[in-house]
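Per the UniProt record's numbering, the very first residue in the sequence shown carries number 1; after that it's consecutive.
It is worth saying that the hints were derived from the structure and are not from the lab.
All values reported here derive from a predicted model rather than from experimental measurement.
All residues carry an ideal CB built from backbone N, CA and C; glycine is no exception.
Okay, the calculated beta carbon distance ranges per label pair:
1) Gly80 with Asp12: 20 to 28 Å
2) Gln67 with Ser18: 29 to 37 Å
3) Glu94 with Val145: 34 to 42 Å
4) Pro27 with Glu94: 38 to 46 Å
5) Glu174 with Ile83: 25 to 33 Å
6) Arg176 with Arg117: 15 to 23 Å
7) Ile83 with Gly208: 30 to 38 Å
8) Trp137 with Ser93: 33 to 41 Å
9) Leu142 with Arg203: 22 to 30 Å
10) Ala163 with Phe48: 18 to 26 Å
Computed list of lysine to aspartate or glutamate pairs in EDC-like fashion (alpha-carbon distance at most 20 Å, straight line):
11) Lys153 with Glu86
12) Lys153 with Asp12
13) Lys175 with Asp164
14) Lys153 with Asp10
15) Lys175 with Glu42
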Amino acid sequence: MTDKAFAQADPDWLALISAARDWLSGPIGQFLLDEERRMLEEELGRFFGGYLVHYGPSAQTPPSAPQVQRNVRLGAPLPGVEIVCEEQAWPLSEHAADVVVMQHGLDFCLSPHGLLREAASSVRPGGHLLIIGINPWSSWGLRHVFAHDALRKARCISPSRVADWLNLLGFALEKRRFGCYRPPLASPAWQTRLAGWERMAGRWQLSGGGFYLLVARKIVVGLRPLRQERREPMGKLIPLPMAKVNRRHIEP
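Just need the whole structure built from these sequences, with the hints factored in.
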């Protein structure tokens with residue numbers, strides 16, 4: 001089944017996902033994923049329901065939601081993926097998932113609008129969509145411009161633009177968080193020296209973090225309100241002048 005999926009999938013998409021997976025498996029990518037894991041575990045701990053769907057190119061086992069009954073990995077036909085599909089053809093029914101997590105899915109895709117529509121359609125009303133992306137306004141976004149590896153192929157869409165897309169798809173943004181303020185350096189010594197800056201910037205939640213996390217809730221469509229009967233406007237009361245009484249004609 002996997003071989004057949006490889007044969008039918010878009011070769012450009014497969015090459016992009018494979019390159020992204022290799023980069024995320026390297027020392028810099030692993031450092032980024034470790035920082036994201038801490039934040040994701042914190043957020044996923046408050047969700048509950050039947051199904052959580054995770055989509056992303058990473059080979060690392062993603063964090064799960066302990067109060068969600070079933071956590072499923074969906075994506076390209078690569079090791080660790082449980083449900084194989086292309087980015088714009090998710091084999092899920094509408095409103096199937098309580099939580100959908102897209103971890104760098106928008107960074108490494110052929111059509112971010114199409115992918116986001118697939119993810120949004122899979123979330124039930126009242127459910128949540130979590131998106132992690134590389135922040136273009138950070139040292140990681142700057143490295144993306146000059147990189148010669150797979151990071152060069154990342155889209156690095158800004159969190160404000162993704163938030164606008166979510167609003168158009170019927171989602172309300174509940175939370176916007178940033179993390180990984182240390183620059184993309186492979187040296188463990190430099191990462192240790194900058195650990196204090198990481199804690200301080202994370203506490204202040206400065207907007208220059210290497211990645212962002214958006215938590216959005218799908219708006220529940222309520223019942224249509226009953227139409228009130230139209231009330232015809234009433235004319236204004238105009239005070240009439242009082243009649244003058246001629247006292248000479250009044251009988252004694």
